[in-house]
Amino acid sequence: MVVDSFKFLPRSFRPLYEGRGPFHGEEAPVWARFEKRLAESRIALLTSAGIYLKRTQPSFDLEREQTHPDWGDPTWRAIPASTQAPDIGVAHLHINDADLLADPEIALPKRLLDRLASEGERLIGGAVAEHVSVMGYQERTLRDWQSKTAPEVVAHLRGQGADGLILAPV
Amino acid sequence: MPVLARWIEAAGIPTVIVTMMPAVAEERRAPRIVGVEFPFGHPFGMPHDWGMQRRALELALRVLAGAVSFGTRVDLDVEWPVPLREAYRSWQPKEPSPIVRKMLESRRQ
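Protein chains in written order, with our numbering: chain H, 1 to 170; chain R, 171 to 279.
The hints are simulated quantities; they were obtained by calculation from the structure and are not laboratory data.
Positions of the beta carbon are idealized from the N, C-alpha and C atoms, including for glycine.
Hints are supplied without guarantee of correctness; some may be wrong.
What the hints assert, rightly or not - Chain H stretches covered by chain R per the calculated footprint, using a threshold of three residues with CB under 8 Å from any CB of chain R:
| hint | region |
| --- | --- |
| 1 | 23–33 |
| 2 | 83–89 |
| 3 | 100–110 |
| 4 | 114–128 |
| 5 | 157–170 |
As the list claims (entries may be wrong) - DSS-like mimics (lysine-lysine), calculated; alpha carbons at most 27 Å apart, straight line:
| hint | chain 1 | residue 1 | chain 2 | residue 2 |
| --- | --- | --- | --- | --- |
| 6 | H | 148 | H | 7 |
| 7 | H | 54 | R | 264 |
| 8 | R | 272 | H | 7 |
| 9 | R | 264 | H | 7 |
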């Protein structure tokens, strides 16, 4: 099966995504070899669903996005693997968040990842203690993501001992 | 998001992107891609459907660890179990996002 990349996208949005080519300066291949066996590796997840911890973390800044529609909050949050669904908030104005709130695993499958590390055949060696959440709608230059968020996320992933990362835009 | 994957990959951490728009991830030159034909907001599938979520996550792990070259794309062979018209409507926010509202207003002018 070949996925239709535009099946669920309103037709008028398609030109915003299709045929625009690589991001400026990002044409060349980048490649980090996955060196270890999967069963000996520690895996991290990154979601763009705008997930945050309701009790202890600030929401992503949706008020500013309301007044500056071309802007999106470029910050990130660390989400502990042990977080339960009722503790999770979703700050994202571009999707219906009902399913995400009902089951955050559809964007950040941290419980499932832990299960793959612990059950019978042990597909992976383990999962990081703290996964990563960003809010996926960003201003077009991605300046803050490039200069601040990406280096901070890389440092976090190194600190967590991550051997590989699964990113899941929503 | 494909660009964020590139920056993290360039720093030495292997990445795979699980995306509803794999053709766009290819255009943006993401290193490893798993395509899913799911509505936006649902990269790993239906809420509470551990079987579907597991198929997506396991494919992502196998592509992450097993792809041998840049730009590898593998699509998940799972069909969304909700009729298209309903699924198309239900992923969208109740109110248009600020940028969509701005686009609609500029078209009216």
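Non-conforming hints, listed in increasing numerical order: Result: hints 2, 6 break, sorted rising.
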